[in-house]
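Peer 1: Read off the chains here:
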Amino acid sequence: MYRLSKLKYVFPIGLLITFFLDGALSNVFSGAFFSYPYSMVSHLVLLWLVLGYFFENEVQIPLTGFAVVTGIAFDLYYSGILGLFMVLFPLIIGLTRAIGKYFSPTFLTAIMIYFIDLAVFEFANYLAYMIIGIAHASFSSFLLYTLAPTLALNLVYFVVLYFPISLLYAHYNVEPRS
Amino acid sequence: MRKFFSNQRLVMIVVILVLCFGLMGGSVALRNRRSTPPLIQQFGNDIVGFTSTVVAYPVNAFQSGVNSLSELTNAYQENRLLKKQVTELAQVKVRNQTLTEENKQLKKELKLNHSLTDYTTVTASVMTRTPSSWQNQLIINKGETSGVTKNMPVLSGSGLVGRISEVNKTNSKVELLSDSNEASNRFAIQISNKSGKTVNGIITGYQKSTGLLLMGHVTSKVKVTKGTKVITSGMGGVTPKGLYVGKVAKVSEDDYGLAKKIYIKPATNFNNINIVTVAELDS
Chain A
16 MYRLSKLKYV FPIGLLITFF LDGALSNVFS GAFFSYPYSM VSHLVLLWLV LGYFFENEVQ
76 IPLTGFAVVT GIAFDLYYSG ILGLFMVLFP LIIGLTRAIG KYFSPTFLTA IMIYFIDLAV
136 FEFANYLAYM IIGIAHASFS SFLLYTLAPT LALNLVYFVV LYFPISLLYA HYNVEPRS
Chain B
3 MRKFFSNQRL VMIVVILVLC FGLMGGSVAL RNRRSTPPLI QQFGNDIVGF TSTVVAYPVN
63 AFQSGVNSLS ELTNAYQENR LLKKQVTELA QVKVRNQTLT EENKQLKKEL KLNHSLTDYT
123 TVTASVMTRT PSSWQNQLII NKGETSGVTK NMPVLSGSGL VGRISEVNKT NSKVELLSDS
183 NEASNRFAIQ ISNKSGKTVN GIITGYQKST GLLLMGHVTS KVKVTKGTKV ITSGMGGVTP
243 KGLYVGKVAK VSEDDYGLAK KIYIKPATNF NNINIVTVAE LDS
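In order, the protein sequences belong to chains A and B. Under my numbering, think of the first position of the first sequence as 16, with each following residue one higher. Under my numbering, think of the first position of the second sequence as 3, with each following residue one higher.
Any given hint could be a false lead.
[As the list claims (entries may be wrong)] So the derived list for chain B, only partly shown, Cβ under 8 Å to chain A, looks like this:
{"hint": "1", "residue": "I18"}
{"hint": "2", "residue": "V20"}
{"hint": "3", "residue": "R33"}
{"hint": "4", "residue": "S37"}
{"hint": "5", "residue": "N62"}
{"hint": "6", "residue": "G213"}
{"hint": "7", "residue": "T227"}
{"hint": "8", "residue": "G229"}
[As the list claims (entries may be wrong)] Pair by pair, the computed Cβ-Cβ distance ranges are:
{"hint": "9", "chain 1": "A", "residue 1": "A163", "chain 2": "B", "residue 2": "V68", "range": "21 to 29 Å"}
{"hint": "10", "chain 1": "A", "residue 1": "A139", "chain 2": "B", "residue 2": "R36", "range": "21 to 29 Å"}
{"hint": "11", "chain 1": "B", "residue 1": "S194", "chain 2": "A", "residue 2": "I131", "range": "51 to 59 Å"}
{"hint": "12", "chain 1": "A", "residue 1": "F178", "chain 2": "B", "residue 2": "P40", "range": "39 to 47 Å"}
Because the hints were derived from the structure by calculation, they are not lab data. The C-beta atom is built at its ideal place from N, Cα and C for all residues, glycine as well.
Could you build all of it, start to finish, from the sequences and the hints given here?
Peer 2: Following this line, the structure appears as structure tokens:
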């Protein structure tokens with residue numbers, strides 16, 4: 016039960032931290048992240064949400080709800096354009112669930128599912144911004160200069176953070192004695 | 003597969019898609035038209051902004067630590083160079099003072115209260131940057147309560163970096179000149195050459211590959227040389243006159259050979275901005 020678990024506190028706190036770290040890291044390392052022609056987009060918050068699915072075990076975290084809230088905050092605070100991320104984050108959670116149920120959760124399957132998530136996320140983001148006229152990049156340059164570096168950065172995040180976060184969950188994912 | 007595309011689901015998906023794009027289109031349109039976003043959006047942004055500073059603080063502290071370490075290594079050389087400049091600066095300062103004084107008196111004679119060069123500034127620090135490859139947008143920690151309004155020019159380091167695109171109560175968003183949004187970098191600028199002749203125009207684009215600003219459609223015959231300083235011209239009445247933009251990097255013919263294109267090297271690196279100054283035209 017999520018409501019009895021200590022994750023009730025840990026998960027939202029982690030969500031908040033990762034949400035703001037995305038922006039803070041993008042600002043601090045903007046020279047490295049956005050050096051022409053490559054642009055790497057930091058998606059720590061997505062990592063936290065997806066890993067929430069892999070590590071929740073019996074504790075059912077209401078991930079979709081959290082994803083919607085995160086998406087709305089992302090739209091309001093970061094992009095200023097409403098409507099995209101509030102749908103995209105829950106969509107990615109749904110996608111992870113849909114694929115994840117066919118595999119047993121190991122590091123290898125998790126990283127591959129996360130890879131698919133990221134690709135879909137970035138592509139949907141590109142497509143939507145292309146339609147409303149914010150992005151002006153051709154598809155090939157999107158693949159080469161945005162998607163590839165973004166995947167690289169976020170998979171590095173994944174490799175580095177997978178085990179620490181799994182330990183964190185193992186520590187807090189204990190049913191309290193009733 | 004048949005189950006997935008049952009009628010109900012299909013309708014749901016279509017409704018969500020329509021809502022989604024409606025919202026996006028609506029907010030883009032609103033952003034271009036209104037001076038402030040709706041109250042609810044402002045309120046949300048202010049709350050989020052407050053918590054953001056809590057997380058951003060240690061990260062920024064870490065960065066400034068690293069920065070000061072790297073600065074320490076070339077401090078000696080810089081110091082020698084700066085000492086030379088300081089001696090000159092004192093003279094310029096005194097001259098500046100007398101000129102300002104004179105300017106004030108002359109304006110009084112003419113009964114001219116405000117000219118385009120009068121502006122006040124609000125200094126703000128950068129909280130975060132939008133983590134996106136499509137938007138070059140910063141979020142700064144001053145908003146409506148500090149007198150920031152939409153479309154004000156934003157300076158950092160020694161030059162112009164962008165303009166305010168959204169204002170909330172306690173924070174606001176800055177669109178950098180490097181943003182691909184067409185409205186973000188249309189500033190009226192002027193270039194004066196050595197013989198005192200001026201070329202007027204606007205910034206028409208940003209070349210990502212070289213990091214240069216573009217001033218297109220220049221039909222004036224005035225000769226502009228490389229290294230000439232570019233400042234805002236104050237035309238249009240939103241931007242004050244005399245904000246430093248950068249230096250001319252190269253002048254070339256445009257695609258049809260009828261007009262000139264002037265490339266400008268911006269004075270500030272858009273990828274390393276921590277403190278900004280928002281300039282407000284006195285009126």
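Peer 1: Give me the numbers of the hints this structure contradicts, sorted from smallest to largest.
Peer 2: Of the numbered hints given earlier, those the structure breaks are 2, 4, 7, 8, listed in rising order.
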